[in-house]
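Assemble chain B onto chain A, guided by the hints.
The listed protein sequences derive, respectively, from chains A and B.
Going left to right, the first sequence walks through residues 38 to 563 as this note's numbering numbers them.
Going left to right, the second sequence walks through residues 38 to 563 as this note's numbering numbers them.
A pair counts as met if it fits within one copy or between any two copies, since identical chains are not told apart.
Think about it this way: if two alpha-carbon atoms lie no more than 20 Å apart in a straight line, the pair counts; the simulated EDC-like pairs of lysine to aspartate or glutamate are:
1) K156 to D553
2) K289 to D265
3) K485 to D533
4) K289 to E448
5) K156 to D107
6) K411 to D436
7) K411 to E435
8) K411 to E448
9) K485 to D316
10) K156 to E539
11) K156 to E558
Rather than coming from a laboratory, the hints here were simulated on the basis of the structure.
2 protein chains.
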Amino acid sequence: MSTFEPVLIAGNWRAPLDPQGSFRADDPARAETIGPAFPISGQADIEAALCAAVAAADALSSASPERIADFLERYADAIEADADQLVALAHAETALPAEPRLRSVELPRTSNQLRLAAKAVCDNAWTDPVIDTRLGLRAHRAPLNKPVLVFGPNNFPFAFNAIAGSDFASAIAARNPVLAKAHSSHPATSQRLAQRAHEALLAAGLPAASVQMLYHFDNALGLHLAGDTRLGAIGFTGSRTGGLALKAAADKAGVPMYAELSSVNPVFLLPGALAERGDALAQEFFTSCTMGSGQFCTNPGIVIVPRGRHGDAFVAASTKLFAETSSKVLFSHGVQQNLARALEGLLLAGAELLVGGSGDGFRFDATLLSVEGKTFLSHAQALQAEAFGPLSLIIRVEDVTEMAAIAAAFEGNLTGTIYRADNGSDDDGWHAVAAPLRARVGRLIANKMPTGVAVSPAMNHGGPYPSTGHPGFTAVGMPAAIHRFTALHCYDGVADALLPPELRNHNPQRLQRLIDGRWSEADIQA
Amino acid sequence: MSTFEPVLIAGNWRAPLDPQGSFRADDPARAETIGPAFPISGQADIEAALCAAVAAADALSSASPERIADFLERYADAIEADADQLVALAHAETALPAEPRLRSVELPRTSNQLRLAAKAVCDNAWTDPVIDTRLGLRAHRAPLNKPVLVFGPNNFPFAFNAIAGSDFASAIAARNPVLAKAHSSHPATSQRLAQRAHEALLAAGLPAASVQMLYHFDNALGLHLAGDTRLGAIGFTGSRTGGLALKAAADKAGVPMYAELSSVNPVFLLPGALAERGDALAQEFFTSCTMGSGQFCTNPGIVIVPRGRHGDAFVAASTKLFAETSSKVLFSHGVQQNLARALEGLLLAGAELLVGGSGDGFRFDATLLSVEGKTFLSHAQALQAEAFGPLSLIIRVEDVTEMAAIAAAFEGNLTGTIYRADNGSDDDGWHAVAAPLRARVGRLIANKMPTGVAVSPAMNHGGPYPSTGHPGFTAVGMPAAIHRFTALHCYDGVADALLPPELRNHNPQRLQRLIDGRWSEADIQA
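Isolated chain A (complex conformation) (with noise of 0.2 Å):
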């Protein structure tokens, strides 16, 4: 008999088929395990998971756009509705604050979340209707027809849960079946999540294994899963090491997978901004890189600064700042341990520690390091690894030309930040520094630390490689979020009353549509 918690599989919480360990959630807090056991899942339940989302793709992807929207929206409201034990839950399980990050921020972005994917699959905003009339061509994206499998990160319990977050609510909102691999370091937060997604989705009438959610499987069998050629497409937010494994044997098995990896998000203090309002700016610095103990992909881990009075008045700050706060809470001692692994590669590398550095069990000081820009040019592959947690490096630099040099130096990030002064007196550095840093970003920020992302259709939580897997797509605002969960289908000289309904020559959803090279809401004359 298994005493493990039950799985969500097959529109069933069952016991687990084949158990290969269980393991408990730690409170990182009070560095105690809490709860309780959670089965690590073996592939019998895996594949068991896999087959019941294949045999529930069909339905679901023929299920009317209202129906899947009903669904997220009850899924919004039971979030809410429970927010008290969610956030109870979390808040033991990650010992991220519940006012205001767990109840009052990241909850209500959840629910948001859902509302929004719900409103663009009510609009039908996702399916980009073309059609050509003159030749009987029409296109739209469709859904994949297949289960998309999520990968929920350590750092957002809510808002990129597996079973709740932007990946979740858009491959839904595309009307694929998810499998979820919750993370594990917040088991009993995701089983309420998935608790409540399960009941809403039985109110709302949708194939019962639509929605499955299992807790952790070892690396091995999670290999063996993302090459599975019967996945549609794969979410991923995580570490670059084990995203890019993933990544891997999703892309031998022609497994689109769209993987959030690593950012350094490096922010440029351009000598205007700094002279105008450098003691500000040390303040915002110090806020952004310790929120939620720096545990953000949108860290801001690199800090570029000019060398002269204002630069050093900045670092000062700073590291006064950085040595006055307590040390931080992390969620958990993995993370811990491979934050110390990354200050030992920066001090190698030839970084020199300002302030923190030490840490043991699941705590780590704030942590500032400094090097110069030579170095960081001569060593930019060591010196832009990602130290996930309250760690930033400060490049100083002689002028805006190295600052130029030094942002041609990064790989692919999230986000680059540019702070540049009021006055006008930056606007050269601004385009020297934006030239190189544009292309190198997903999302190019003005006078404003990186850790925010915003949940809008304008956003873009992407970049280049490898910060993820491609450059073309965001994991964070509808409906562009939805696009990666999508398959382009053209239908050619079909039949009006064969088309699916945003193809078809009336459109009294009065949905936008390009028609013969020109956006229209009208409907189409037979």
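For chain B alone, kept in the frame of chain A given last:
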């Protein structure tokens, strides 16, 4: 002293630095070698071209749309002005008919495609601007700012040529330098196209290394180049084996590769359609299968025909047409050998020869095979292997239910076709077959053979793996084909004057933009 033809590297036609050997073209119709000796390029030339392309990327990325469009239009004009010579060379190197195919169909298609790309550039139609005025976020598609490597196929010396086809036009439209690897079966045609491209480039004032061409390099060097992280993307049309090997190298380097690999393009003849017009269908099928000696990616490689009187008559009529035609000239002896091998594989897997089946040198019979539905279902993998050339496999089925089962047994294809009766008697059959077929093909066609690929914004010349490497993209049709060679760029809090033109408040071009969730051509009030 090299006596080989010059390569186009860094804006110069120059002798190869390190040729690994040479090759000449074949005239397939006469089975004789023709034309001068072209170099097989070595690592030094490849590296020189890649370096020059990388160096050209910045300037090309910031070129004005007008200049890019000017190049594309000049090039289109030059191709038309040089049509006599181009057609003569292509006819000699491919044995494709000068009229109508090369002169009246493929050459105008090629110049038209370049002009449609120019129009998309002028319209900024591929940039998809999305603006959130409340949050200060603005996103659009932008150049990759890295070179695009294009591999051209043997079967379209103009329209898919690496230096003139849709991949070329798409990559240039998105302002990326192109490093073209011509197909070695038509080097003189490719050289002449490259001469016209080079002249147009100089006249338009674009960086000289924006367009470069090599005629040939060996597989090992190709794999090495495909895995170079300095590339922004790869466009490939060719064989599945070669394409998947290149894709594996590209995947490992994080280089998106858009590969058009293989397709058997199943054609389902519903009972009512056969009863209404079986003889006409046999003629359509024969024409489509043997046109261009069957060397089309959208060749109807498999036809699904019900048992019974009308099905038997269709098979008999088709067999007669195939028997009465002369043997077909193929592009190369290699194509002939591959076709013979593919035929052998189909026979081994249980198919029976109805007519044809022989070939030597550059020629092969128009060949028709037949197999039972049950046999196909039990050896679906082997029996759906592509046989590139004038060969089709007829699958005989009991009923529409077995047709649907066969539709569900196909892997990803570019197209799937269903013929149905005009009198409505096949409507249930349509639904039964279309349901499983739809998700397995990029283009679902009614009542028409698949060989025509219209150049239209509503075309999808793409499909699920393994027909291509990604189900979300098309290789034909502007602006969609351009999307493959773009990166998503977001601007966060960036001042209006520092934005790219299509994201600024003022919208003098009346570009269609998604502003705060609504489509609009209006300016934004600052």
